[in-house]
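If you read the sequences in order, they're chains A and B.
Counting in the working numbering, the first sequence runs from 1 upward without gaps.
Counting in the working numbering, the second sequence runs from 244 upward without gaps.
Derived DEER-like restraints, expressed as beta-carbon distance ranges:
(1) A:W55 <-> B:I608: 30 to 40 Å
(2) B:S280 <-> A:F116: 11 to 21 Å
(3) A:S211 <-> B:M351: 33 to 43 Å
(4) B:K459 <-> A:H7: 14 to 24 Å
Not close to chain B: a few residues of chain A, all C-beta gaps over 12 Å, as computed:
(5) Y19
(6) V21
(7) W25
(8) A28
(9) I176
(10) V238
Just so you know, these hints were derived from the structure itself, not from any lab.
We treat Cβ as the ideally placed atom computed from N, Cα and C, and that holds for glycine.
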Amino acid sequence: MKERSLHGWIPVLLAVAAYVVLVHWEAAWETVLKFLFPGETNHLYTRSSLARLVWEHLVLVTVASGLATLAGVLIGIFVTRSTGRSFRPVADDLSSVGQTFPPAAVLALAVPATGFGFKPAMLALFLYGIMPVLRNTITGLESVPDETKDAALGMGMRPWQLLLGVELPLALRVIISGIRITTVINIGTATIAATIGAGGLGAPIVSGLISHNPSIILEGAVAAALLALLADAVIEQVERSLA
Amino acid sequence: MNETRGGSFNRSLPVFAGTAVAIASFLLLDFMSKRPSRISGASGISAFEILEPAEAAAVIGLNLCMAAAGLFLKPPARQKILLLLSCLSLFLYVFLAGRGAERVVADMPLARVFPSTGAWLGILGSAVVFSTESSTLPDRFFKSALSGLLLCALAALVFYGQLDGLSIMREYANRSGRFWQEGVAHVFLSASAVGVAVLVGVPLGFVAFTRSSFEKGIFAVTNSLQTIPSLALFGLLISPLAWLSRTYPFFASIGVRGTGSAPALIALSLYALLPVVRNTYTAFKIIDPAIIDAGKGMGMNRLQLFSTVELPVALPVILGGIRIAGVQTVGNTVVAALIGAGGFGQFIFQGLGEAAPDLILLGAISTVLLALAADGLLGALTGIARPGRRGREEVARP
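For reference, chain B alone in the conformation it holds in the complex (with noise of 0.2 Å):
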């Protein structure tokens, strides 16, 4: 009995101490910070400073209801609760952070309002409850409308413009033309990349398995191009086709030069190599003998065997290796725009080189949601491919 008591305490342990770090920072730490011009030094503003006390008693309340949910449910109520607890605290930080940063500027047109340590601390604080309830609670529908409905509501609340008082909002304001541009061309310059590195990485990983001669050296070319820091392989570029443009007029034709786009795309395709090769590799090393004896069995010839028995074994974990790459090289993206290639690299230099913090905010930040959605939307595609039930009709109809 005590045992089992002892267990579900232990169990709640994420709960208090998430929910503790939140009510503790919310309390003892700026909420917010604030600097009176865009490039002058922050201040910091605490909780009770900038909000109501009815909105931060809802804070600490559902900090509160959080840790009692932890302390008294029983599963499976506790992972539901809990989980529909921590997206509304999610929500609540950041909307009060839109409130906050409003009412601030409301005072002083000029400031630049973003949220500081002690509300990051308490949406990590929500984060780990929410990871913790969601590792137990097997039910992924309402893991994924529950995401997805929190998804939509932050959506909603920059959509009509209640974050709009936030610093990096106002920088996105004073720029929004140019920030669709450079975030078209930082999506346009990863998707090649990432598409030349299929074409010829597919083609390489699967060489590398049937070929075993070929195996090692196109393994430790591969590595080792990914081992280069990115910022040296795009300096190696820059010579070698600077050279080419000014020897071949035809390659000035085409675009290339020595910086820009043509070494940008060539660098984050090699970079993009690897993974795309390891994965094909793997993918068609895994597969079970028995099922290619089978199909051979059936009198199969190979070009069947390759597209209706190998290919939809081995193709969710080429996705998986396309997955790898498609989030590395949205961030190395960033780095291409040091060598002039654009993308939202562009505001963080540009942000670095004047000093001007919230540009190199929205540089950054754009690519983070950037990388997340790559990975979320290559994730999906991943897992629609890998043979579940559709997949099996699939195969089962030929």
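Just chain A, same shape as in the assembly (with noise of 0.2 Å):
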């Protein structure tokens, strides 16, 4: 079971360990654009090194993401206790009306909320990760038979215990999953966050739709894309190592 678990593991590791090579070889990426775009000028980004943006673009998702999973576990469990289920559907209602919500106009409104740069992207991002999240602590949380609740309470365990050491392992791979839609949501609307001055991958593209620059487009179109590819293979791997 544990070894094949580890196989899994062997190509998202190699996968990780070619983007890193990658993003910090510009001079590969150089000469490919080179031969792609012959009549530009200026190949590559150059207000900021791919690997820098690389580096802004996942604090801007881990940070945003983790509050948001932080968040959105304890909503979830919070409306599932018997102190909390009065909440239930107002999590519920905003949870699936926040969704409706596109992720581009939400980074939008908190413009005039919080003003440009950094701080509004990681608020739009922390708002939005928080659904995903919360929608799947309530499913996983609601998943687990109340027969084993029974047992797990008729062996004298507290309610923290039942909820800590029974019921959270339990959705462990539901919430996981929903952790993942939330940082592959985050890193494609961190894209566009470079339009309010948030800096990461999106900035060449939007650099380069200004400037006319099919190249330097490229250069972040293609970092981005892979990124997300990469993320979305490593969660997943988590997911399918706990089954």
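With the hints as a guide, bring the two chains together.
Structure representation (structure tokens):
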């Protein structure tokens, strides 16, 4: 069992390593982009290195998704306990109406509220990221059979022991799949966040669109697309190794 | 006895929390924010500076009434009265925001006024009350009639110019012609993208269902497409399309360019593919084989079986996928404005460029309303297709 889950990690980790090498190897990018766009003078984004852009992107997404996960799981636990059960319909409604809100619109709405830069991007990613985690936490906790909970209580477990020792471990896989959705959405939204001055891999795309330079558009687009696919694969592997 | 009382108190917690937050934020936080001109910095205005005493009393009174109703009333009168009060309160907040803005603008014609935290938290509080009570009221007709009435009342406020003092409406008044033009572009682009996604995705989902050898590949591709950030997908399509139109004059003659609506339509359709494919696949997967056997037993041929048995059962699930795709596409179309495809995103990005918050709000709120409308419309369509009373009659007729 353990051996099989380790096997799955090998290609994922190789891909991560390859990506790290790729974003540091600017000479390779320049060669390929020079070949594709011989007419351009600038082939790479000049204001920041690719590795730095990836780093900015990752910090934004990781911090926002981490806080969103914390908030989503806590709210999800609260509305499935007896004291918070009456808030359950509100949580359901907010998360379903909230998911109708376009991420780009949430991002734009954060600007009049907090100004330009990193802060509104963080706020938007955080708020938007809560919903998938919240929804999956509720689903996961509710899928724990009543008999299991009764058995645990019958063994003399306290409610918090039941939660930490039984319910959360059983719900973990579903919760992690919510974190995966949040992370992938946030990587996409963080790309758009370059338009409000938050940096990241959207910066070369937006800058290339403004200056009509397809070479730096491609630089940012390829790096962003690979980052999203990679993050998705990594979290999927985490999910799988829990099975 | 004690337990039931505790239970009903517990039940009312969201009502208490919602109204308490509303009253506290009304008293302590800014009700509206004001900027002396379109692009200058904002300052807050408290409810007491801008509202008449009677108006402020109405807000606080309504919230207290809701809290009292939550404490004392028993179902079913409780839910109906609370729903009614919460709708009244939602209307009151919007109405008073309009009145307040009108007063500021009367003194300072260039000022831009918009509701602030105090008003938004009050609206949230009433929405919490509405959501809590509507979840326990089985009377669907009452709920939809009430929300319909509220929507009509809010639309009337807009129509009769009661909100014209608000910054977003003034921004709209300055560009009403272009607003509708971009709105039509937004709807047209989103609808075409979903149309293409349906034309491609439904057969693809069906193939994934019937040929298991294709299943993995189809899902791997559509899944990856949706994982790629939308802006990156637009970026990836620009160079190949620019190359196509440069190399083959035919493509240039039909309007294919690196930027504009061609890459936007392709990217948006690719993006919308996954929900359609996934739901089509699921729709056929969950059909009970016994129904199909029964149809075969009645002597139906493959085509009859498909059109009279499989499709009517699968349709609501497929429509559910189209609904998800529709809502997502309305949102992603915002990003398409960055590559020159128009739509409400145009206002958002222009507003960001000019540092004009009102223009950003105009674009963002219009997009949100459009997404909610798409969700409601496609949701209603899904509801009609669901094998309810009417659906069954239609299936039984042949």
